[in-house]
Amino acid sequence: MTVKLSQAAEDKIEEIKKRYPDVKSAVMPALYIAQEELGFISDQAIEWVSQKVGMAPVHVREVATFYTMYYRKPVGRYHVQVCRTLSCAICGAKKLTERLRQRFGIKPGEVSADGMWSYEEVECLGSCGTAPMAEINDTYFENLTTEKLDQLIDRIGKEKPDLRYSTIKDKIGDGLKDCQKSEVVKF
Amino acid sequence: MAQHPSILLKNIKQPGQHTLSGYESRGGYSTIRKVLKMEPAKVTDEVKTSGLRGRGGAGFGCGVKWGFIPKGNTKPVYLINNADESEPGTFKDRVLLELDPHLVIEGMLICAWAVQSNWSCIYIRGEYGYPYTRIKAAVDEAYAKGYLGDNIFGTGFKHHMVVHRGAGAYICGEETALLNSLEGKKGQPRLKPPFFPAAIGLYGCPTIVNNTETLAALPWILENGGKAYAAIGTEKSTGTKLISASGHINKPGVYEIALGYPLLQFIEDECGGIRGGKKLKAVIPGGSSMPVLRADELAGVNIDYESLVKAGSHLGSGGFMVMDETTDMVEVALNVAHFYAHESCGQCTPCREGGHWIEKIFRRIAHGDGLGGDVQLVESICGQVAGHTICAFGEALSWPAQAFIRKFPDEFKHKIGDALVGIRSKRESLNFEYEGAH
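Quick note, the sequences are listed as chains F and C, same order. Letter by letter, the first sequence follows residues 1 to 187 of this note's numbering. Letter by letter, the second sequence follows residues 1001 to 1438 of this note's numbering.
Among the hints, a few may not be true.
Claimed, not checked - For lysine-lysine, the following DSBU-like pairs were computed, each having C-alpha atoms within a straight-line distance of at most 35 Å:
(1) C:K1186 / F:K94
(2) C:K1158 / F:K18
(3) F:K148 / C:K1278
Simulated from the structure, these hints should not be mistaken for laboratory data.
For reference, chain F alone in the conformation it holds in the complex (with noise of 0.2 Å):
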């Protein structure tokens, strides 16, 4: 039987296949919303995604492993996420990595026994101007050195604050106080 979600999610899926001039293209909004509401796209979610936007599930499942953003496992609840291509790397990236490492005794893509935290290593996220820097669930966070990401750290583990886009709410998470959104523009 497929997974049921909530009332919400199933009300967004349907306003968004509205948008599109054929329904296929409602693929990878929904998706996004099974993550959402189950936490990775489990072979549920394929099933629920499939039904909804009318694909097998075997096409459903393409596309959901063709792109990284689709979790087929479960990542920690702050999933960290370090940028690691050429303008990061040459701005001292991999000392964020291995920090991280340090901090949280794990490998990349591994969860913390707690199920707080993961973290991995990512292609350009389009931050090289304020390299080296890092993606927190969807909030980007840059011009780290390790002291900062140490204390970012701190602050998340203390705080919970929201970091997440949502789908459903098509809203972004309220994020750290005092923090900048967007620090990328400096003339």
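Knowing the structure of chain F, use the given hints to seat chain C on it.
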């Protein structure tokens, strides 16, 4: 410092520019009102006159592209704003989407009128959470005021706009991969020629795919005329270009320059020179797919399409990455090769396999395990990838790899030579590595 015309970033620092009222208070949405009274073909002609070239990387004539929609077409025409900005070193579209989103929307409306499109989509990369909320809020505001919808400004022109989030695939910036992605498929490119998206695009309908920066230049061009735009820059590289400057420079950021501006002057004046008083070693001028240029190759080179081609590279997306004298080019080559190995969509064998081979060879050279003949092997692989794939990813993968080994042969030879005679020197790795990986 040279004075550059300000077309794209003119109002970027103004407070409230991202809101409709802020944008309108500085003359926003006045051009589109005039454009809607023009013949659509005249709009296209004006853009052709301007010489505006696609700012996403390929540099194809914008007006020419619009002209490829088949005559007598009866199908709906779609417009896609390619905001999938993923080329390493590029972060300019983000600035426009975050700080002047209505400029982008007005540009899209101008294009929509020219090609008579009633539906458009802004395909923004999934990681851009905050820029997404800004452009989405702007679209919502425009709808609320009747600037989008069934009867725009009461003229009877209908246009609907959707903001669509990608999900972390570099290849979806390639226009046909983007179309497949938007059709709910894997984001793998389509074969072209024979059919280009302007003839057969989204769901088989004529589709114009333009980069965000290209579209954002349209309000100025239609307001001031194509000739005025063509008067800026050089003969074949008209207008201004956003340059995303990053790496070992004092003032990284997004700069708007008139095309034809001297490259070294840009590093000194705009970017504030090299960090820590060090010497310049190399520059990648157009995003990591473009060949690297050595410091000694830069004298007399200007930032425009022709001059950079003459110098052996390309303007690409304007992702300008600067490296100082301490940079280990073998590690840089490995970093870039890893990116392309990771981002290959897997459709064509030469790219899917070749990318990993090149990365493996660069890794073993970096680790001090290089073999004699490794450099020649990379050359040979690159030759078999470039030109043998459906999309330009094959070139994007091969060009930088070839450039690193050709322009810094001594660094590769040195490491391989050490390995061959059994010297193990301490490695300063640029890339994070952990046991079990690779």
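Tell me, in ascending order, the numbers of any earlier hints that this structure violates.
none
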